[in-house]
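Let the sequences and hints guide you as you build the complete structure.
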Amino acid sequence: MKRIFLIVVILFTNISAQSVDTNNLFTKYYFGIFGGINFNTIPTIGGSLNFEASTRLFSNFNLKACVGYSIIYDDISYEVKGNKSFTIDSIKKIATYLYDVNKIQYTMIPVNIGVEYFILAGNLAPYIMAIIGYNFSNSEEQISKYYDGIAGIYDNIDEVPEEYKMPQTQLENGSSFTAGIGIGLRFNLSASTKIDIRYVYNYNANTINTNQFLIGLIL
Numbered sequence: 001m002k003r004i005f006l007i008v009v010i011l012f013t014n015i016s017a018q019s020v021d022t023n024n025l026f027t028k029y030y031f032g033i034f035g036g037i038n039f040n041t042i043p044t045i046g047g048s049l050n051f052e053a054s055t056r057l058f059s060n061f062n063l064k065a066c067v068g069y070s071i072i073y074d075d076i077s078y079e080v081k082g083n084k085s086f087t088i089d090s091i092k093k094i095a096t097y098l099y100d101v102n103k104i105q106y107t108m109i110p111v112n113i114g115v116e117y118f119i120l121a122g123n124l125a126p127y128i129m130a131i132i133g134y135n136f137s138n139s140e141e142q143i144s145k146y147y148d149g150i151a152g153i154y155d156n157i158d159e160v161p162e163e164y165k166m167p168q169t170q171l172e173n174g175s176s177f178t179a180g181i182g183i184g185l186r187f188n189l190s191a192s193t194k195i196d197i198r199y200v201y202n203y204n205a206n207t208i209n210t211n212q213f214l215i216g217l218i219l
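Throughout the sequence shown, residue numbering follows my numbering, covering 1 to 219 in sequence.
These are computed hints drawn from the structure, not numbers from a lab. Just so you know, not all the hints are guaranteed correct.
Claimed, not checked - In silico PhoX-like links for lysine-lysine, alpha-carbon gap of 20 Å or less:
1. K145 - K28
2. K81 - K93
3. K194 - K64
4. K81 - K28
5. K64 - K28
6. K145 - K84
7. K103 - K145
8. K93 - K165
9. K81 - K145
10. K165 - K84
11. K92 - K194
12. K103 - K81
This is the structure:
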C-alpha cells in the first residue's frame, strides 16, 4: 500500500513541477465509457463499467474524474450456524440451520479523480496513470449449500445446541478509500475518436485489492 500511495502522490505532485502552458490549459475535454473485468484471483472474476471525463492539464498530463460500477469477489470459504423461529398450527418452533459460504460479493460504485501522463504522443500513445477516490459498496455472502433443521427442531431456545445460539458476525459493507496505479495504450481512430486499453491495480482499504483490465471508447 505504501508503494502505491507514494506513486500516486508523486504523479499528482509532479503536476506542479510542469511549466504551465496557458494556451493548452483546459482547452480539450474528453468523455469515455469503459468496460472490462476485475479480479483478485482468477476464479473470482467480476465485471466493471466506468464513465470518465478528462481534460488536458498540461502538454502531456490529463486530469480526469470517473464514476463506475463494479462487482468483485473475495474468494473466502466458511460455514455459518444459527437458528430461526417459525410456527406450525400456531405453535412456535425453533429450527437450526447451517450454510456454507464460498465467496463474498462486493457491489461497488467507485468515485475517483486521477491523472494520466503520456509517455509518447501520436496515433499510438502509451501512458501511466494514478487515481484516488472512494468506493461506495455493499456486500453479500454467496451461499453454496444450505441445510435447514440440520441439528434438529426445538420447542424453546434453551434446547438448541450452544453452537447454534452464537450471534452472527455482521458482514462489513466494504465502503472504503481506494487508490490505484496503471498503464494504458490509446489508439487514435480519428481526430475525435479514440480506443483506450488499460490495466489498473487497485488498493481497496476495507476489501481486497484487485487487478482490472478495461477497454474503452473516448470521444
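We went through each hint and held it up to the structure:
1. K145 - K28: violated, 54 Å
2. K81 - K93: Distance ~17 Å between K81 and K93 Cα, so the pair holds.
3. K194 - K64: holds, 16 Å
4. K81 - K28: violated, 58 Å
5. K64 - K28: holds, 12 Å
6. K145 - K84: holds, 17 Å
7. K103 - K145: Measuring from Cα to Cα gives roughly 12 Å; hence the hint holds.
8. K93 - K165: Satisfied, since the Cα-Cα distance of roughly 15 Å is no more than 20 Å.
9. K81 - K145: Holds: K81 and K145 sit about 12 Å apart, inside 20 Å.
10. K165 - K84: holds, 10 Å
11. K92 - K194: violated, 65 Å
12. K103 - K81: holds, 17 Å
Of the numbered hints stated above, those contradicted by the structure are hints 1, 4, 11, listed in ascending order.
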